[in-house]
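Novice: Protein sequence lines correspond, in order, to chains A and B. What the first sequence shows, in numbering that gives the first Met the number 0, is residues 0 to 196, in sequence order. What the second sequence shows, in numbering that gives the first Met the number 0, is residues 0 to 206, in sequence order.
Do not rely on the hints blindly, as some may be mistaken.
Calculated from the model, a selection of chain B residues having no Cβ within reach of chain A, i.e. all distances over 12 angstroms [to be verified]:
no. : residue
1   : Ser3
2   : Leu12
3   : Ala70
4   : Phe72
5   : Glu84
6   : Gln85
7   : Phe90
8   : Thr128
9   : Leu157
10  : Val158
Only pairs whose alpha carbons sit at most 30 angstroms apart, straight line, appear in this in silico BS3-like list of lysine-lysine [said to hold, decoys possible]:
no. : chain 1 : residue 1 : chain 2 : residue 2
11  : B       : Lys126    : A       : Lys184
12  : A       : Lys31     : A       : Lys5
13  : B       : Lys66     : B       : Lys121
14  : A       : Lys31     : A       : Lys62
15  : B       : Lys10     : A       : Lys5
16  : A       : Lys5      : A       : Lys62
17  : A       : Lys5      : A       : Lys184
18  : A       : Lys5      : A       : Lys96
19  : B       : Lys121    : A       : Lys119
20  : A       : Lys96     : A       : Lys62
21  : A       : Lys119    : A       : Lys64
22  : A       : Lys5      : B       : Lys126
Derived by calculation from the structure, the hints in this document are not laboratory data. Just so you know, even glycine gets a beta-carbon here, dropped at the ideal spot from N, CA and C.
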Amino acid sequence: MGEMIKMVVVLTVLSIVSGGSLSWLKDFAGPKIENQVMNLVKGPAIRNILNEADNDPVEDRFKIKDGEEEKNVFVGVFGGAADTVVMESAASGYGDKIGMVVAINMADESLRGIAVTTHKETPGLGAMAKDDPSFAAQFVGQSITAPFGVTNDGGSISALSGATITSRAVCTGVNAAIESYNKLKPQLEEQIQAMGK
Amino acid sequence: MAKSIASEFTKGLWNEVPPFRLVLGLCPVLGVTTSMKNGIGMGLATTFVLLCSNVLVSLLRKVIPAKVRIACFIIIIATFVIVVEQMMAAFAYNLFMDLGVFIPLIVVNCIVLGRAEAFASKNGIVKSTADGLGIGLGFTWALGLLGAVRELIGTGSLVGDVFGVIHWDFQNIFGASFEPLGFAVQAPGAFVVLGLLLCAMNLIPSK
């Protein structure tokens, strides 16, 4: 009986110490990792889809409250008017969450471009959502009034071959970004005004 | 059995260097050694985990009940692996992206658990430290060498850095007319190069 209790106690104490120190580590490393992702993954992706913008969209970003969450919003200036917002979004893919950025043209309510940023999809299949520019190019210029879907589900986006789940997840993510854009539109306009762009 | 601390350290560097002498821990050995910098980065990450888990297991070896020792070791190892993963993501993001899934896979690296079970749980903290450091650095040079050979044959150059501290940049070592053999940096090339290095290691007697 004594041995039994000892086993339980040792395992419990070990788990508590390990869990506690890891949660401290997360607080310490979390913001640094976010910075790295911003500089090395999201930043280049956003600059790439807004490569004709007059400003640096990564510099001109603000945070906005959506319910409990704080979201990053990036602003793009085209022809002197700050008419483009980039929303971040994520949806469950085949591996883990697929993170993406969605650039919405506020003037004519269409997409300026999307890009997949973080993912754990299968290399060569699902990973093509990020690696093959022609997939993301399908979204460019599309109106955001109707939700996106893959052709199998009656939508307009051709799925990547062998990666329907990934393609579907990207559509879901884009739809989620559009939904939160529609919901937050008044605040977004206010914030952009306040930036004086 | 009274081996000196120095010999516990040096055995990992040559006589028991894990991938070459023991042919252990081959998953990262074959997977990440497409370049010298990835090999060294992976090796150093593993060294850190090995060192920390050896120290902690050695300290706790009288407390941990024999029946649940493997579970305890795994908790300790997994904790340090997450530490490495988070720190690498925070400070060396590009290396983190290159190594990908192989960082979390250090948890199941048989060398780490093997040293905890076979050595650290039976020896004092000083010897365990020497053992972990020796085996880890042996693993690092083995991965670095394999990566260097593959990168050399596959691209003709050696370029990279270790955590931004040490840089190296040797372009076209074999001259501009050298045609890179892309096979060496692909997965099958890993087996061939590892086999050739094993052969070379066996030509040099261990004693």
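Novice: With reference to the structure, classify each hint as holding or not holding.
Specialist: To see whether the hints hold, each was checked on the structure:
1. Ser3: Nearest chain A Cβ is 32 angstroms from serine 3 (chain B), so the label holds.
2. Leu12: Holds, because the least Cβ-Cβ distance between leucine 12 (chain B) and chain A comes to about 31 angstroms, which exceeds 12 angstroms.
3. Ala70: The claim is violated: alanine 70 (chain B) sits with its nearest Cβ about 6 angstroms from chain A, within 12 angstroms.
4. Phe72: 10 angstroms, violated
5. Glu84: Contrary to the label, glutamate 84 (chain B) does not stay out of reach of chain A, its closest Cβ about 9 angstroms off (not over 12 angstroms).
6. Gln85: 4 angstroms, violated
7. Phe90: Answer for phenylalanine 90 (chain B): violated, closest chain A Cβ roughly 7 angstroms.
8. Thr128: Holds, since 20 angstroms exceeds 12 angstroms.
9. Leu157: Leucine 157 (chain B) is indeed farther than 12 angstroms from all Cβ atoms of chain A, at 23 angstroms.
10. Val158: 18 angstroms, holds
11. B:Lys126 x A:Lys184: 64 angstroms, violated
12. A:Lys31 x A:Lys5: 39 angstroms, violated
13. B:Lys66 x B:Lys121: 15 angstroms, holds
14. A:Lys31 x A:Lys62: Between lysine 31 (chain A) and lysine 62 (chain A) the Cα gap is close to 17 angstroms, so the pair holds against 30 angstroms.
15. B:Lys10 x A:Lys5: 36 angstroms, violated
16. A:Lys5 x A:Lys62: 49 angstroms, violated
17. A:Lys5 x A:Lys184: 58 angstroms, violated
18. A:Lys5 x A:Lys96: Violated. Lysine 5 (chain A) to lysine 96 (chain A) sits at ~40 angstroms, over the 30 angstroms cutoff.
19. B:Lys121 x A:Lys119: 40 angstroms, violated
20. A:Lys96 x A:Lys62: 21 angstroms, holds
21. A:Lys119 x A:Lys64: 27 angstroms, holds
22. A:Lys5 x B:Lys126: 27 angstroms, holds
In this structure, the hints that do not hold are numbers 3, 4, 5, 6, 7, 11, 12, 15, 16, 17, 18 and 19, in rising order.
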